[in-house]
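2 protein chains.
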Amino acid sequence: MAIVVRCAKVSTLALCAVLAPALAGGADWSDQQLATAGALRDRALSGTSAYEHVTSLVTEVGPRSAGSSGDAAAVRWALNKLGSLGFSNVRSQDVLVPRWVRGHAEVTLAGPVPQPLVAAALGGSVGTSEDGVEAQVLEVASLDALNALPAATVGGKIVFINQRMERTRDGAGYGATVKIRTEGPSAAGHLGAVAVLIRSVGTSGARHAHTGTTRYRVDAPRIPALALSNPDADQLARWLKPGKPVRLRVKSTARELPATWSANVIGEIPGSERANEIVLLGAHLDSWDLGQGAIDDGAGVAIVMEAARLIGRLERKPARTVRVVLFANEEFGLSGANEYARLIGDEAARHVVAMEADIGAGAVWRVQSKVAPASVAAVDAIREALKPLALEAGDNEAHGGSDIGPLRALGVPILDLSQDATNYFDVHHTVDDTLAQIDGKTLNQVVAAYAVAAYLAASKNGDFGRLSPEEKEQR
Amino acid sequence: MAIVVRCAKVSTLALCAVLAPALAGGADWSDQQLATAGALRDRALSGTSAYEHVTSLVTEVGPRSAGSSGDAAAVRWALNKLGSLGFSNVRSQDVLVPRWVRGHAEVTLAGPVPQPLVAAALGGSVGTSEDGVEAQVLEVASLDALNALPAATVGGKIVFINQRMERTRDGAGYGATVKIRTEGPSAAGHLGAVAVLIRSVGTSGARHAHTGTTRYRVDAPRIPALALSNPDADQLARWLKPGKPVRLRVKSTARELPATWSANVIGEIPGSERANEIVLLGAHLDSWDLGQGAIDDGAGVAIVMEAARLIGRLERKPARTVRVVLFANEEFGLSGANEYARLIGDEAARHVVAMEADIGAGAVWRVQSKVAPASVAAVDAIREALKPLALEAGDNEAHGGSDIGPLRALGVPILDLSQDATNYFDVHHTVDDTLAQIDGKTLNQVVAAYAVAAYLAASKNGDFGRLSPEEKEQR
Numbered sequence: 436m437a438i439v440v441r442c443a444k445v446s447t448l449a450l451c452a453v454l455a456p457a458l459a460g461g462a463d464w465s466d467q468q469l470a471t472a473g474a475l476r477d478r479a480l481s482g483t484s485a486y487e488h489v490t491s492l493v494t495e496v497g498p499r500s501a502g503s504s505g506d507a508a509a510v511r512w513a514l515n516k517l518g519s520l521g522f523s524n525v526r527s528q529d530v531l532v533p534r535w536v537r538g539h540a541e542v543t544l545a546g547p548v549p550q551p552l553v554a555a556a557l558g559g560s561v562g563t564s565e566d567g568v569e570a571q572v573l574e575v576a577s578l579d580a581l582n583a584l585p586a587a588t589v590g591g592k593i594v595f596i597n598q599r600m601e602r603t604r605d606g607a608g609y610g611a612t613v614k615i616r617t618e619g620p621s622a623a624g625h626l627g628a629v630a631v632l633i634r635s636v637g638t639s640g641a642r643h644a645h646t647g648t649t650r651y652r653v654d655a656p657r658i659p660a661l662a663l664s665n666p667d668a669d670q671l672a673r674w675l676k677p678g679k680p681v682r683l684r685v686k687s688t689a690r691e692l693p694a695t696w697s698a699n700v701i702g703e704i705p706g707s708e709r710a711n712e713i714v715l716l717g718a719h720l721d722s723w724d725l726g727q728g729a730i731d732d733g734a735g736v737a738i739v740m741e742a743a744r745l746i747g748r749l750e751r752k753p754a755r756t757v758r759v760v761l762f763a764n765e766e767f768g769l770s771g772a773n774e775y776a777r778l779i780g781d782e783a784a785r786h787v788v789a790m791e792a793d794i795g796a797g798a799v800w801r802v803q804s805k806v807a808p809a810s811v812a813a814v815d816a817i818r819e820a821l822k823p824l825a826l827e828a829g830d831n832e833a834h835g836g837s838d839i840g841p842l843r844a845l846g847v848p849i850l851d852l853s854q855d856a857t858n859y860f861d862v863h864h865t866v867d868d869t870l871a872q873i874d875g876k877t878l879n880q881v882v883a884a885y886a887v888a889a890y891l892a893a894s895k896n897g898d899f900g901r902l903s904p905e906e907k908e909q910r
Numbered sequence: 436m437a438i439v440v441r442c443a444k445v446s447t448l449a450l451c452a453v454l455a456p457a458l459a460g461g462a463d464w465s466d467q468q469l470a471t472a473g474a475l476r477d478r479a480l481s482g483t484s485a486y487e488h489v490t491s492l493v494t495e496v497g498p499r500s501a502g503s504s505g506d507a508a509a510v511r512w513a514l515n516k517l518g519s520l521g522f523s524n525v526r527s528q529d530v531l532v533p534r535w536v537r538g539h540a541e542v543t544l545a546g547p548v549p550q551p552l553v554a555a556a557l558g559g560s561v562g563t564s565e566d567g568v569e570a571q572v573l574e575v576a577s578l579d580a581l582n583a584l585p586a587a588t589v590g591g592k593i594v595f596i597n598q599r600m601e602r603t604r605d606g607a608g609y610g611a612t613v614k615i616r617t618e619g620p621s622a623a624g625h626l627g628a629v630a631v632l633i634r635s636v637g638t639s640g641a642r643h644a645h646t647g648t649t650r651y652r653v654d655a656p657r658i659p660a661l662a663l664s665n666p667d668a669d670q671l672a673r674w675l676k677p678g679k680p681v682r683l684r685v686k687s688t689a690r691e692l693p694a695t696w697s698a699n700v701i702g703e704i705p706g707s708e709r710a711n712e713i714v715l716l717g718a719h720l721d722s723w724d725l726g727q728g729a730i731d732d733g734a735g736v737a738i739v740m741e742a743a744r745l746i747g748r749l750e751r752k753p754a755r756t757v758r759v760v761l762f763a764n765e766e767f768g769l770s771g772a773n774e775y776a777r778l779i780g781d782e783a784a785r786h787v788v789a790m791e792a793d794i795g796a797g798a799v800w801r802v803q804s805k806v807a808p809a810s811v812a813a814v815d816a817i818r819e820a821l822k823p824l825a826l827e828a829g830d831n832e833a834h835g836g837s838d839i840g841p842l843r844a845l846g847v848p849i850l851d852l853s854q855d856a857t858n859y860f861d862v863h864h865t866v867d868d869t870l871a872q873i874d875g876k877t878l879n880q881v882v883a884a885y886a887v888a889a890y891l892a893a894s895k896n897g898d899f900g901r902l903s904p905e906e907k908e909q910r
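First to last, the sequence lines map onto chains Y and R. Residue numbers for the first sequence follow my numbering, so the first one is 436 and each next one is one higher. Residue numbers for the second sequence follow my numbering, so the first one is 436 and each next one is one higher.
Any given hint could turn out to be false.
Since the list can't tell identical chains apart, any single copy or any two copies may satisfy a pair.
Unchecked claim - Think about it this way: if two alpha-carbon atoms lie no more than 20 Å apart in a straight line, the pair counts; the simulated SDA-like pairs of lysine to any residue are:
#1 876 x 754
#2 752 x 703
#3 614 x 652
#4 614 x 598
#5 676 x 871
No wet-lab data here; the hints were simulated from the structure.
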């Protein structure tokens, strides 16, 4: 009630909006802290340096697949950047990473008019012999359809998995389709196929192929595996339509080199009272080789750096430490995330909450969480503090990003600021992952959301509980 | 007046609209002919086979740069297709064409983090040595800016011409910028540059480079010449901004092979009364190698084939012959167009008018012409017959397409149905020139316009005059 009276007195709607969350947040935050959150939000909305950070990373480093010279340059860049931005305890953490190189890929219609198809080898895939492999194409509509076929039908063929990804705001279409990439090659290899081509797991009609890792099973031969751009998958489907045999020649010089070293890079805004308690903001430093790594995950790197930097510039710092972790090798098996989780030991219990920015540069539209049930009201209060952004309420079943999965498995609660992924999969994992895809103003909105959520989490009187064994394991 | 009365009698607005042009067209067409034109238009708007034709070309042939196996396949395709569609006098006309092969191009930032830039060799350009060429980059804003520099400044450098093409409906932005591609390499070579990179002459933010021919002058060394995609030109500009020297390594295996043979392909809808008089509908059969040749110029091929086919299915054929000419080698120096004009001899005087479809698959929005002044009213009447399409009136200064330039030089009048080119240069001459860029319904609109214009031109009582020497030479 006191709050309502104060609203009436100052007669400022904006201030009322800032203070209103206290009603929901209860004893979690003081009025002053909620006012600080509101000011942080408005300041970020009016302009941040996030676009400069991602521009710097893309311009000075560019593509940086795990173990490449770009990756090493990215680690140096991050150490220097965190230092120059005033972070404390800036350090790296060595991580062993796989080293795969794409080489060159060619997929060509065999016959009198050898038409080329635009293709990209899947990450981790093996190459062909120097001459390539030529065989008849067998089209299947899905992984299930492939698995239902007898080996006699598949043996000796090039399998074409022609499943189209659906465009959705929450990116669910990716989760529904991506197993054709991760599991398709071994499913086909197990049935005797000589190579596999998948329709790109992406939503664009542009002529670029979508890469990403595949996972070979130990019980299946490793066969070459490539993605076709959507227009090229359409073309192949048109060739197959009349029912006459279609033969393709596939060449790929992809190969795996010995594992090498990269690093997680860490920087902190030390807490003012309980500095040993951590609010973790994660993103990943590595990228695919095809693009510039702007939206995946240069944007995320810029968002978490800038959100933490803005918190670090507050006159009154939050009680807890805000830790930015730029993970090594998200794309190729999460070795950075696993190494971070392995090394924290007892500190795991002092990770109060973890957040990860790894879904591009679209605006935040929802706040989800995976926290102890008693803390759901606090998540609502954080959303309330972001009221001008008109965010939707999510559920308490958030998965969080891939890099904070190992922390969740240790019981660390998750805050998930869902960004609009409607157009993300138009360019994700392709040559078109460039700075041209990022809008600076939208990026400021995301920074505002991260800064407020991280500030409030780091200022909160209580914590967000711990995840129970059931909750840790879910999905 | 008689017409107005008849409108009132039948009391059908549509028929009135069809007949109204007679007022403007005077004695050029009978009421029946104008009604036939209206029916032809409405029939095409309700559905044509144009999309099937371009799908067939793109699927069965695909890329077909001059002299390639695809080009030879395209000639066979066109002969078969014109035959199966019921054209008469289907034949080919041998044409000697240059044969250039792209090979492989690499442009890489030299230094500790060797970032790649997406580039495509310009058509006709020479390659580098096997090791490539490495040098410092000199950025210039335009061809004029380059030409103003002393050789001491340019010598030994890689020149980067960073001029951006403007997006316009009439494609004027292309004409204003394309000379950086045609003239830039020799201008730079003349001043001692070792290679030249141009910003793609295209409007897309996608990461594909725009190819197209360059023209080496005899008085300048031939140096390697490539286009960078727009996002890559942006990236290079960002590298150059701090003013520190930027070195690039450029490799290109582009090379010219001996000239070889291709062919123009011709088919006709014979005229019912004056079959030796020709209304020519042109498009070009060759394409660039990077894309599928769907919008450039598969669309044009489909449009003129289908427009003529629809005329051929009329119960009462027009007086004159409608001749479809699918020219060889538009992209690489117009040798097909020149050979056609060389071979027609006396027939030139019997070419009543020429039209060419070579600006993609966008809707027609304007009717332009280059006819004798006395025939401008007839052009207006043709536009009037297309009234439901709400076309704008152009002037009588049309240039027509490149392939009908040699006919114009012989005095043949030109009808130009301007198609919307707003998005054409997003994909023109790139890997993204695919079927995915064509909308079938819009294509029907273009066919409607071509069918009506060709039918009326072939039915017209008088001709369109001849172009005077001045008019022939203009631009």
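Going through the hints against the structure:
1. 876 x 754: neither (30 Å within a copy, 63 Å between copies)
2. 752 x 703: within (12 Å within a copy, 82 Å between copies)
3. 614 x 652: Answer is within; shortest intra-copy Cα gap is 13 Å, inter-copy 55 Å.
4. 614 x 598: within (10 Å within a copy, 44 Å between copies)
5. 676 x 871: between (37 Å within a copy, 17 Å between copies)
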